[in-house]
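Line by line, the protein sequences give chains H, L and D.
Those letters in the first sequence? Residues 1 to 498, by our numbering.
Those letters in the second sequence? Residues 1 to 533, by our numbering.
Those letters in the third sequence? Residues 1 to 416, by our numbering.
Because the hints were derived from the structure by calculation, they are not lab data.
Warning: the hint list may mix true and false statements.
[Said to hold, decoys possible] Below, a list of computed lysine to aspartate or glutamate pairs in the EDC-like style, where the Cα atoms sit at most 20 Å apart: (1) 530/L - 47/D; (2) 322/L - 326/H; (3) 530/L - 364/D; (4) 269/D - 191/D.
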Amino acid sequence: MDRFHTGRWTVRWISSFSRFVSPALLAAMLTVAIGSAALFVKPYVGMADNGDFYRILYGNGLYFNAPDYDGQYFGYFVRQYGIMQYFNDNEAALLSSQSLFIRIAVWLNKLLYSPHVFDIRAQGALYLALYTSAVYLLVESVTWKMPRKPGYFVALIAVFMFGDTGYTAYFHSFYGEAVVLIMTMLLAASGLLLCRGRYNDYAMLALFAVSALLLTAAKQQNAPVGVIAGVMGLPLLLIRRKAFRVTAGASLALLLLTGIAVYALIPQEFVNINQYHAMTRGPLLTSGNPEAALAAFGIDEQYAILAGSIYYELYTTVDVQSPILDQSFYGRYGFLPILGYYLAHPAQAVDMLQLAARHAFTIRPEAMGSFELAAGKPFGEHARFFTGYSELKQALWPKTIGFVAIWALAAIGFYAPSFMAAVKSKNMRAAMKLPLVVMIILIGLSSMAVSIIGAGDADLSKHEFLFTVTFDLILFAGLADVIRSRTRARERKGGGEG
Amino acid sequence: MRRRPLNQAVPKLKPSMTRLLILVISFCTAASVTLQPHVIQAEEQPPRRVLLLFDSLAIGTAREGNVEAMLRLLAVKGLQAKLQRVDEYREGQLAEYRGLVFMANNPKPDGSNARHLYAEDLLRYGLPYLHAGYDLPSAFAERLRLRTALSEAEQAQVTIGPLEGAPLGEAERMPYISDSQGTPYGSVAWPSSGKQAPFAVLEQGIAYAPVFVAGAASELAMAYMLKDWLGDSRTGSAHLLLKEIYPFTDLALLQATADALYDAGLPFIYSVRPVFANTDFPAMRRYLEVLKYAQSRNGTIFAEAPVVSGAAGIQTSPIKEKMAGFLNLLAESSIVPLGVGADAGLYLRNEGQFAEEGMAFFRSSALYPDSDAFYLEQAELNTTFPESMLCVRWDELEPYWKDRSSATLPVDVAMYADFFTDAAGMESALRRWKSDWIVFADFKKGRHLTRTEAYSLESSQGTLAINGSPIGLNDAVRAVSADYAYREEERKSLERLFTVQNYVYVTVICFSLIVFGVFLLIGVRLYRRKFMK
Amino acid sequence: MTIADVLMVIAVFCIWTLLLVNIVLIIAGYLYYMDCEATPEPVLSGEAPFVSIMVPAHNEGMVIIPTVESLLALDYPRDRYEIIVINDNSSDQSAALLASLQSRHSERNLIVINTDAVTGGKGKSNALNIGFERSRGELIAIYDADNTPERKALRYLVAELMRDEGLGVVIGKFRTRNRDASLLTRFINIETLSFQWMAQAGRWKLFKLCTIPGTNFVMRRSIVTKLGGWDVKALAEDTEISFRIYQMGYRIKFQPKSVTWEQEPQTVKVWFKQRTRWAKGNIYVIVKNIPMIFRRRTKVVRFDIIYLLSIYFLLLTSLIMSDILLVLHAMGLVHTTIAGFSSLLWTLAVVLFIVGTFITLTTEKGELSLSNLWQIALMYVTYCQLWMAVAAYGMFAYFKDLLYKREAKWYKTERY
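Just chain H, same shape as in the assembly:
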């Protein structure tokens, strides 16, 4: 008797659960739970500074106040920083969209915690909240109108992939990757939701445009994103007429302009190290004859000595900031000349892309530690909590450019038939899906290309973060769509026989 009651109660609980908790909601709840466990439960997880923090920190009114900050580079992440109380002469006008989020976090911190000390958990909370909403929208876009069971399965996949600590650890750091992650996901989700007509079109269009803008403005390397989104988003114009078309057109134009502006205007802190590597770990590395490569740029052939050299070596022949390099080396090449060189030497371009592919599947770079000094872990220790996906990803996928090509072609081939069918039946909304997928793929590939051109093969895993995110997004969308079509096929078969 008791078992019968409990059984019925369980069934009722399950049915009300599935009625009220959509897969998207489930995914969101789990993401919040797992993310919070990683970020807000001791030992806190974050990401150590590799030297890049000070620029964005000082530009936004924060400063290092940890007693031994220098000793914690690479090994430990620092949780607390000082908030500048007086005039900050380093204050740069919004360096990038990341500054926006930092300032909001600082404001929250001042409100709730302390006006003098900034605890990075405020930023972590802000990012986690945004990220959860992004996950919610993403899962909703693929599971809307899907039966609950496969829907929950998809939600679990989403949590496994995107709840990974390799991703969420960035929220406790001042790397721009946190913004990149959230905005790319929102971009994909809003695009997919537009395709399915789930929410109000204008709202989704606004989300699409804003996330693309913030993504583009996050760092100078993301300039191509604006251009790609602006161009590949053109089919959006066909979804609806009149007012929507005008708004969409304006947004896309704005994105295009932002992309160009970001390239031209964001002060490229002349990062000499990247400039150095762009040549020594780029054309000079892959060329069979470095002197010929140098001649192509009009640089003295003696610089062949620097071929393959990494500036992170302790003892080097020349200081990367030295005037002799400024004069006769750096001034002779830039982003466009190197791009031109790779286009003219496709074999070397392929070699470089192979190198890029080798690091493209890392979510969190090797070198940075995850814990605070106070947590008592060894220097540079990585967090292991819920890192199944990041570890799997790194171990599983073949890290070759051929595989990247296969992935891109497979994704396009997968969505092509539905695209053709949609075009035939004049369903422009559904036809938007393929351009959206292509857009995301191109964004990922552009990140790869920009990384190689901008800094050769040095520091690739950090520079290619955008690729690794887009790879996961496409993989997830593809998996979800496979599950959806199989469920539909099964339903149809079942319906036919019945």
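Since the structure of chain H is provided, determine the placement of chains L and D on it from the hints.
Below, chains L and D without anything else, positioned relative to chain H:
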């Protein structure tokens, strides 16, 4: 040491005494032979250790950096030094040292205990004492019968040795020696008020210099006094040193400069940056050819220390192997690096045991004053370079170098400049060097030794030798062919078969395409005729 | 030299050789086309021989009526031909529809044989045998149930056959009726045209050889009798018969002026099933006839068998192998050091493929268009890969059947 010839006049002695005398003499001779160190190190004694104390680093004042300057001077003199704040002085510490230098940079000392401590120990151990700066402790001031006064706030000028009227410090009130017993060194003058005072005085091991700043003139003046304070009998000469030479410096300019300096009769030193990778590239060989050429043009080669990358993070790197590799490479190309050039900071801070690991091959060093202040507060300098040079910027001293060619220098001085960026710069510098009164000496003329595990590189009286065999200096620059297999080409399987096969296929396909083209033309015509009627 | 290298060498060699063979065939085929354009239409002289047209049908209710109606409308003396529809074990409305059609044309030679699972249901070959028993013509013509032949189709075929005693069979051309239904049908259209103008026309020009396409052909009765009917076990009964006809010393000629229009599969799933069936059947036939290569008497057929053999086995395995190796190489799992990969060569080969195929299309009205050109290019990457999948699956299915000794079943092509 020369053996006393036995046939010198000896007083007539009894036979047994003669035998005893012979025995004693032979024993002494034998002993002196075995105890005699290697001929090239004839003047060497075990390095002396000196304690350097300071009360303030004088940051922001004219004396800023004088602690580091003093450390450099001590290094040039081949001394081991320990740098320490005077507050941290422990009683009895001086027992391990042969002398004390105190940089009194604080015009208002707080009268702490430490000063008494060291003064007591000094007197107890009877060690030589050098005091540079304010307030010589009374015990020593009495010895020197010292009376000091404060000058007006105007620019002082120092004259010593070949220098005349070189600016000393800033235009501010500074102490000067109005009266004292003891040997005076140099003279400091305040032209507007006409006052004159010695730069420093020395009496029985106690030396006092009221004003010592970091700067070429001040350092050279201090060197004069240090020489006597240490009882050093060696003198030195001036050398011309060019640094900032990289493998990608304009090689033609390097060659032209060597030629020009040779034609002007000016010996010089090239301090060249090391290369640790890609050393078999043609570019490297061209570099080495030019260096060899410079060597044959009365040039001396110094190996410069590598750049320490600030971006390296926590890393260790085997600097010993790397430098040894570079030196061996030079040796294999018949280039004899006689010394090491390095920023003083590298040596003084000794991060990662740089001095012991990377510089221990050399006996001669040229330590360049660092452009970036680094406020060293303590140091233990145990690696010494017995035949080093004091480095001063050439254009800091040259304007004040008057015609005193007879004056000898207390220490080898390297007057350095960065290598030129273009021919015009070289020519204008050359004009000045030819016309000024500084006589540059050839570093090769002295005895120098650089040693790695594989090679022993030395110079003596103008000849260079590698592992004992002298090298000829008449090589012209050889042309280096640019053919170099940068990469081992992967052995391609069946290459010929495939190339021929591909060729055949391409021909066949092209032929077929032509045939198809013809068909296409016919076909279109046929089509039109048939279907478009 | 690793194993991967060796495999690549073999694969590359096979692919290129077959490509060359196909070039030769295209040239030959096109020359034959020019010949045909130059010669006038074949004319029936004397009395028209009596022709029995057989139409095997299984659940073809949707298409059988238009087929029979176009057969009834043929330009051939009405009393000199009969139409025999073998409605084999159909569970749809075919019987009723045919019956009503019969009643409407009661004066014509229209025979409908309805069989059930007992009397029939053993496949197309068996249906043909049943129809043959009822037939009385000295010539047998066969049309598929979804074909709508042109008015003069039969006339040309018969005229051509009667002109030459050495001909055992004359085959006509088939075109795609639902060409514009989907991208797949566009591809099939291109494929069928290029196949006929290359393989059929080319082989006739060079070796006086063709294979029976299963529809729109005319055959001498004596041959059927001599052969003892159709092989019930064979899934690809047309290829089987062709070989046996060669063995008898007759030739099979291609007469492109005789045209029939047929319905091709419109979805990939249906197409896949149909092609797998053909592939399996062809493999069966080839395997059965391999010994013929070694018999001197059948010299003329040797080429055909070798050709088919190479297409199905060698080319297929080579293409599959090289594709797999390419993918593995792209994923970094396998390493080949073959020097020969010249991008220029492969680009030229692709161009060759496109141009060659396009040439075969210029023979037909409405096919000389730019859209065809890019469709051929698209075909190269999509359709051809699918074909490889079909052939591979067919091979796999064949071996599976061999292993489990399954019986040949007649799978029907879905109609729309």
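Each hint tested on the structure:
Distance restraint check for residue 530/L and residue 47/D: the Cα-Cα separation of roughly 31 Å exceeds the 20 Å cut-off, and the hinted pair is therefore not satisfied. The suggested pairing of residue 322/L with residue 326/H is violated, with an alpha-carbon distance near 26 Å, which exceeds 20 Å. Note on residue 530/L and residue 364/D: the hinted pairing holds, with a Cα-Cα distance of about 10 Å set against a maximum of 20 Å. Taking the CA atoms of residue 269/D and residue 191/D, the gap is about 18 Å. The hint holds against a cut of 20 Å.
Hint compliance for this structure: hints 1 and 2 are broken, all remaining hints hold.
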